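K.L.:
Whenever a hint applies, use it, and build me the whole structure from the sequences.
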Amino acid sequence: MAEPATGAKGSPAVGEPLFEVENLVKHYVVRRGAFLGGGGVVRAVDDVSFTLRRGETLGIVGESGCGKSTLARVLLRLVEPTSGRAVLAGENLFELGAREMRLARRRLQIIFQDPFASLNPRMTVAEIVREPWAIFPGVVPRAERHDRVVDLLTRVGLNADDAHRHPHQFSGGQRQRIGIARSLALNPEIVICDEPVSALDVSIQAQVINLLEEIQDEFGLSYIFIAHDLSVVRHISDRVAVMYLGKFVELGTWREIYERPTHPYTQALLSAVPAIDPAERTRRIILEGEVPSPIDPPSGCRFRTRCRMAEARCAAEEPALVARAGSHPSACHFAAPAGS
Amino acid sequence: MAVADLTRAGAPAEPGRDGALLAVSDLRVSFQTPHGVVDAVRGVSFAIGRGETVGILGESGSGKSVSVGAVMGLLDSPPARIGGAIRYGGVDLLKAPVRETRRIHGDRVAMINQDAVTALNPGLTVGYQIAEMFRVHRPGTSRADARRRAAELMDRVKIPSARQRVQSYPHEFSGGMSQRVMIAMAIALEPDILIADEPTTALDVTVQAQIMQLLAELREQTGMALILITHDLGVVAESVARVLVMYAGRIVERGPTEEVIARPAHPYTAGLMSSVPRAEHKDRKLATIEGAPPVLTAIPPGCAFHPRCGRSRPVCSGDRPELEPVTSARDSACHFAAQVFDG
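So the sequence lines, in the order shown, correspond to chains A and B.
Here the first sequence stands for residues 1 to 340, numbered as in my numbering.
Here the second sequence stands for residues 1 to 343, numbered as in my numbering.
Honestly, I wouldn't trust all of these hints.
Which residues of chain A face chain B? A partial, calculated answer using Cβ under 7 angstroms [what the hints assert, rightly or not]:
hint, residue
1, 201
2, 207
3, 211
No wet-lab data here; the hints were simulated from the structure.
Treat the numbers as computed from the prediction; the structure is a model and nothing was measured.
Glycine included, C-beta positions come from ideal geometry on N, C-alpha and C.
P.N.:
Put into structure tokens, the structure is as follows:
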């Protein structure tokens, strides 16, 4: 099933469909452990579909355990999907052999959360940035590589001299810049950003967000931007998907999600964010309890166990992610703007 | 009991602040490391009165956690070198013998921190760990009484089916529930002050909302004062009446939270505010503070913020600005505080 059309209103830069993800599923089978009790199936990502358009930023928000990082890893096949399709330039990535997949990764790069763990401490910055060219020697001719490394480093706000230093000589924000330079080395079309600024201090976070926005325009990148920080996602995204227990529960333009959310989970999530401006404070919806285990999630709507609107129907019938309430897709039988 | 006496006597006169429960004056903490001397806290003074709420806002390395670590007696000295005074009820916690500070730490002044999950002992039931507070600090308490009160406390911090879960082990609890257990332990002895060091940083936003609401309710019921350490401007804005902003081991600005947020009087505070992505700035670049906080072994001379400050003038690298009044309720440590305040 294709994703229901939403249209990225107010984003003229956004172009044709580039990457189509259909019915993506990732289940982990957990065996019965000595301490953990029963085994079962972790439904980490459960039937997720979306289309990423050229030049667009699709934000994916959700709390820990919602499956957003698993989604990132499955899209790159760092872990194998259980089922589904992910079509980039006419090829279903999930059907590619190891060699072909390696080639496809040239188009699809990732920036990780932890700039301390994702850079090899034994390599110099130049070696880190250059490493992808060992696999794709054709991207930059050997003679131009030194200059290209310097170009990339200066582009992300580092110095040419930094090329010979090692990752431990840099702060968190600078390391994230090194990771960004590396991700650009192959001129990718899509960059998956998995919590790229959540390990950084507020003042550094803003610098990295600005950098990501600048290089998006310059390099014509499309982003899948995964984060738990709702303000950061609002700032950078054209469209936003809200994830809960392995599923997209709501999908729309940033305005639709932030200003007219119709799913009770989105509404609660947004209301929980502490506001700096007293004027921005809305009535807080305090959710009961915590996210249930993705092993054996609730029947019907997975959010119903914490939902103030839940009725018998919600346990029996799983709400589909379809356009509701005269607006964008929302997976709630009772989807409606807050307060209505 | 000595503890009760101390509580009653707990309002010593502190210069400039009547009725302060806890007064920190000119606190300095440094550590000798192979890379040189790390100056973590460089002359911090603040006081908190009964029932007050104070936030300490700062980024990594600002000295906010080290400051409260010193208050709680958590820093080993050596290697830490600690100077200044921390007075609670007439006792200087930095000089008093352990048998005296023990009546205060964990008892009159309690603390919860970010990592509740690792703060709990995995080998003991949560009920036992809460009950331990009474066994250690109230030696007369019977075992049955301590157990009963542990269950009551778990109920009070809204752990569902508290009576059954007294027997649970920490691994059976989520991060949010573990933080509730830590809160139960912290409020067990009805402290005068609760220090919460990034209490919700490791938690999801919906769980954060639950925990902050719980803390607010408990404060209302008990009248305890709250010192909240956080890097999150939103959490500060919603939870505390006064705020201290720290940078490179010093307080750079302080005042009533709403006023500081509405009209910062220090360029660092102003920069922090504008770095936060807001709805109305969606299509603009975020304002940033250039560069990064200083390495604490090499703090810039004068104002530590001057290399990152757009208003920096020669005086800023020469003279260190002291925390001085901007209005009757506000202080700022900036040579150009008045201009910043006036926008």
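K.L.:
Hints first: check each against the structure and report whether it holds.
P.N.:
Verification of the supplied hints:
Among the interface hints, the one on residue 201 of chain A holds; its C-beta lies about 4 angstroms from the nearest C-beta in chain B, closer than the 7 angstroms criterion. At its closest, the beta carbon of residue 207 of chain A sits 5 angstroms from a beta carbon of chain B; the interface hint therefore holds under the 7 angstroms criterion. Hint status for residue 211 of chain A relative to chain B: violated, with the closest Cβ pair at about 10 angstroms, above 7 angstroms.
When the structure is compared with the earlier hints, a violation turns up for hint 3 alone.
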